[in-house]
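Novice: Single-letter residue listing:
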Amino acid sequence: METLDAHRLVIDIPGRGAGRPLDFAVAPGERWGVLGPNGAGKTTLMHTLAGLRAPRSGEVRLAGVPLSRLKRRALARRLGIVFQSQHDDFPATVRETALIGRHPFIAPWQQEGPEDIARAEAALERLDLKHLAERELSTLSGGERQRVSLATLLTQSPQLWLADEPTNHLDLHHQVAVMELLTEQAQRGCGVMMCLHDLNLAARWCSHLLLLYPDGEACWGAADTMLVPDALERLYGQALTTAMVDGAPVFVPRR
Amino acid sequence: MSDASAQPVGRGLRLRPLGLLALAALLSLAVSLALGSVAIGPDELLAVLAGGGDALHQTLVLELRLPRALAAFGTGALLALAGALMQILLRNPLADPYVLGLSGGASVAALAAMLAGLGVALVTGAAFAGALASTLIVFGLAHGTGSWTPTRLLLTGVVMAAGWGALISFLLAVSPVERLPGMLYWLMGDMAYAGSPWPVLGVAVVSLLVVMPLGRTLNVLARGGLQAAALGVAVRPLEWTLYLLASLLTAVAVTTAGSVGFVGLMVPHMLRLRLGNDQRLILPASLLAGGTLLTLADTLARTLIAPQQLPVGVITALLGVPSFLYLLYRSR
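Residue numbers (the numbering used here), protein chains in the order written: chain A, 1 to 255; chain B, 1001 to 1332.
Pulled out of the complex, with its shape left as it was, chain B reads as follows (with noise of 0.2 Å):
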């Protein structure tokens, strides 16, 4: 067996894609932090990370830039991961984050709030209690009498968000629209009102730690429900853990940043045409990548027409879109 060294199922060959892309999250969060109204040079940025520096420097860097670099990266990194599970749980490397309806159930909540005149915090809790609402009524609908197959629940899901879509677009219609702006940024995504990123960041820890576990587990249930039953797996508990599971991830991003749109598709889809479709190695990687993408993305969105700022998505979107037809034209 001297080439089963060589095989690509080794800790070895993981680590090598997830070290690069680790070194491309810390670059994307210090380009981050030195650019924006103020550019700040790397020697600079190293001396105020330090706690040295300028004081207008540590102002910038520490109070403003940093809490929203790290806000965007988490947000990213839950998106690309609830992605990456709601593809194996629904068999159909298309689904998103949103495919079961969960961003419009939270957008309709976010946008009635902003209607209604509400602070950030309630919106903001609106939009979590929208989200959880919608993973319910899809999950109860698709369940119905019977059981409920990928097929099921991706059919009630698309219905639902079609609901969802109507409800946002008759929000809208009856508007101020004074207050139009706000509610179409939340609606594209926008980092602007993130707050504090640890909770995101707390949330993208976490799930990575209960996910990595399951990584085996999840490849063999990509190879159907039946197939994955014959070799031990218990389906039924391990797709209910999936969906809670992205659902909440995706509550949580959609909640601090809006429905930020194209992290969640492609991200998995992008590393799964690089790096084949082993989970062990997909999911710690679309935590970093869609990390990365949305750090950057943010950076520009703040950056690109300053002082004027564009809703994030519309970038993930620019930079997403491209990138993901060019390897999609290259790959066999």
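Extracted from the complex, chain A is given alone in its bound form (with noise of 0.2 Å):
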């Protein structure tokens, strides 16, 4: 099992000073949510975390090596990630996609063979996307656009789950699905960390919360320990107002 580490990390973001070094570790069967408003550098971080971006300075770690020594394929062999969109340019069918989790598997002169393909089925099942398996690209919602990203991640089945807004364009029982998913891989060891806009989906599934302000500060730690209502209307710059259901607290905008 695998940790990802950022040490002494900061992001490049064009004409931001450095702010916090970013200091922290996903360790297996944790589940980081990344927290900030609309700006604040989620999304960079997520590829920098991904070895997709280059940091400013300061490096990332997966397992105590520097992801810039790791080889691309055996990186996406343990690390996968689900972006905020996709650019479907090309015809595809939502089975071929959720397959093409397997590339990092399989040598150049190979093909997809039946073990490749009952992952992306098993994948589609778990995501409820068994009925849509044949359909285009191109004629599915927007969460079930995103639904079918998750299923290319499943069926890539990385150690280290990187997830962009992972329940943007979901209704609610899709939302919880897929809460309930990232905790179920979690829970077989994988580290999980994904950026959310809802902080109730974050009191909830969260172990671990970090906390991006947009300019550069920031801080992290156990989930309990930052859902502190002060920390989070700074961060967004809005009042709110706290109440406890079902033993996790639920924030309320302020009228």
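It should be emphasised that the hints constitute simulated quantities derived from the structure, not laboratory data.
Residues from chain B shown here face chain A by an in silico Cβ test under 8 Å; the list is partial:
no., residue
1, V1220
2, R1223
3, L1226
4, Q1227
5, L1231
6, V1233
7, R1272
Chain B residues, not near chain A, derived (Cβ > 12 Å throughout):
no., residue
8, G1052
9, T1059
10, L1136
11, M1183
Nothing here was measured: the structure is a model prediction, and the numbers come from that model. No residue lacks a Cβ here, since even glycine has one placed at the ideal position from N, Cα and C.
If you follow the hints, you should be able to join the two separate chains into one complex; please do so.
Specialist: And the structure:
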């Protein structure tokens, strides 16, 4: 089981000061939520953690090895990411899209085998997409498309899951289903990190939180220590009312 | 997983369309050998190909029609393959082999050579040099001081193409009238000066062998650079390979037959409408369908108003445009 850690990491956002370097580790079984207002750098952080963007300084390590020393393909077998948006310029079916999650595991001259197809089918089943398997991506709703991206990541089945707003476009039931899927992966021993805009989903399902402020300031720690109304109000510049429901805090914006 | 065997990912499902396209390719070559100033029946054609038959027919088929048909097939195959690769590189289904200004560079150099009164071999050499020069200029400029994105590459190429277009008009305007027909034929694409078919056919076969192992990786690249990188694709080296390969294929095709239009844009696009977007199928299918289309078009070009010949590019456009529009209209 592998840990992803940020070591004195400053993400590269043009025109912004260094802020506070990030020093945290996503250990197996942990579910990290990243909270912050629009433009705080959540997506840039996710891309940096996935090795898709170079940091301004510091480094990201997977099981102690800096990402810059790993080959792309080897990295893709261990770490996967769901992006906030997709570029569907060419026609493709839902099933084909789930199946590309197996790409890092198949040699160039090999075809997808029965085991790869079985994994893709299971992922489609798990995300409630079986009935859409033959559909073109262009005919899907936003929420359905988002679930296809998650099915691709589930087919890839890495040890580290990064998800940039995985509940984007999803209805309430599927939001819960996705949080349960991520929780289940963490219970299997994966490390999970996701950007969220919904404080209440974060409060219910995340074990740890990272708060990113627009000026580059940040704080992180166990979820119950981070869900302090003062800190959250400062984060979003929005007054909040707090209530306890089912043993978890619920945050509602004040009018 | 009883239904897994029915998924469109197995090798078997790719063989049927490829088999049909290969059959169509053979038929197109046969038609091209049979038709012309002297029509040759199927029995006689087989006899000639087997080494027998009438001596006149032998000369007609083996020395005149066969080299030209094979050159047309190879040129069409290269253009369609280059178009399919360019579309993936630019993540744009509307890209064609000439979109980055490559044919413009080749045309300016070839027309300049014609204007200088140089022979066929030098015109051909100039076209190849012009195509490569245009490739390097566009690539260098798109690279610029930062990173290049598909959009930046596309814009650079389109603007370069416009520049070449102006130079072509200039060269035509200052050329003596008696040279104009040759120049116009070259600009529209013409198989009459194709010469030996083996360079184009050889390049087509070798490039297919190069790209086939990349098929699944190209499928992933079509989903966007970030997604491909996240799935373990070394995006930048792959994009370099695609760019250089597509440019080389186009340069060889343009050198052989001038700038034949529409094949590179339409063939891959039409195939995608029918067969989906698995490059392991689309790339070899483009090669076969592109070759077939240009072979048939060239046969029409030299028989339609015989003994006069038409530039083949006119025929590809006249055949291609309506069939493309029909497929687009019928598609979901």
